[in-house]
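Engineer: Using the sequences and the accompanying hints, generate a full structural model.
Going left to right, the sequence shown walks through residues 5 to 191 as the numbering used here numbers them.
Source of the hints: derived by calculation from the structure; they are not laboratory data.
Incorrect hints may appear among the rest.
Said to hold, decoys possible - Below, simulated BS3-like cross-link-like pairs (lysine-lysine); rule was C-alpha separation at most 27 Å, straight line:
| no. | residue 1 | residue 2 |
| --- | --- | --- |
| 1 | K40 | K30 |
| 2 | K31 | K76 |
| 3 | K68 | K31 |
| 4 | K89 | K30 |
| 5 | K68 | K40 |
Every value quoted in this text rests on a predicted model; they were computed, and no experiment measured them.
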Amino acid sequence: MDIAIGISQTAGKNNRAFNLEWFAKKKWLTASIQKKALFCFPCLLFGGSGGDVTWSRTGYKDLKHLSERITKHESSNSHLDNAVKLGLVGRVDVAVQIDSAYRRGIDEQHNRQVEENGYVLGRIITCIKLCGKCETALRGHDESADSLNPGIFRCIFETMCEGDARLQRHYDAQPVFKGTAPYRTNY
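Structural biologist: Structure follows, in structure tokens:
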């Protein structure tokens with residue numbers, strides 16, 4: 005069924021009428037019967053940017069220069085951006101998925117580290133409670149690696165590490181147990 009959209013121009017003896025075949029040639033082209041004007045559907049939907057709002061707000065009415073204006077509009081950055089946006093409507097955004105997967109990986113890594121730190125902290129608290137129960141000092145006089153008296157806390161913690169791979173891994177990675185931590189102070 006053909007619908008006359010009523011876009012026509014009279015210039016002297018010449019009378020121009022809009023040819024509906026343009027809709028088949030340009031899938032983005034749409035029209036307003038009320039305004040008797042042509043519009044770009046992606047630009048109408050997402051808004052035109054820059055100074056030219058002809059295809060997105062006011063509508064195009066000059067049939068004499070239609071072909072060249074369509075060509076010019078199709079190559080504009082605004083039209084290309086809006087056409088891409090329209091093409092992506094309803095599709096899953098790959099960038100969001102990648103960002104989401106990356107964030108999920110970081111969150112999982114963070115959660116594992118928090119769980120590991122909680123486990124180690126619990127074992128350290130157990131050592132401190134044992135020292136408090138026995139009313140012994142936590143530290144010895146000399147806690148260097150080759151010391152003969154490294155302190156009861158360190159001895160208990162090293163003994164706990166012997167049967168616990170998670171604790172041993174933490175002990176080996178941390179400088180605070182070896183007397184080499186840069187922030188260590190003697191009280």
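Engineer: For every hint, state whether the structure bears it out.
Structural biologist: Going through the hints against the structure:
For the suggested pair K40 and K30, the alpha carbons sit about 18 Å apart, so the restraint of at most 27 Å is met. The straight-line distance between the Cα atoms of K31 and K76 is roughly 16 Å, inside the 27 Å bound, and the hint therefore holds. A C-alpha spacing of about 20 Å is found between K68 and K31, which places the hinted pair at or below 27 Å, so the restraint holds. The straight-line distance between the Cα atoms of K89 and K30 is roughly 17 Å, inside the 27 Å bound, and the hint therefore holds.
For a cut-off of 27 Å, the pair hint linking K68 to K40 stands: about 15 Å separates their Cα positions.
The structure meets every hint from the earlier list without exception.
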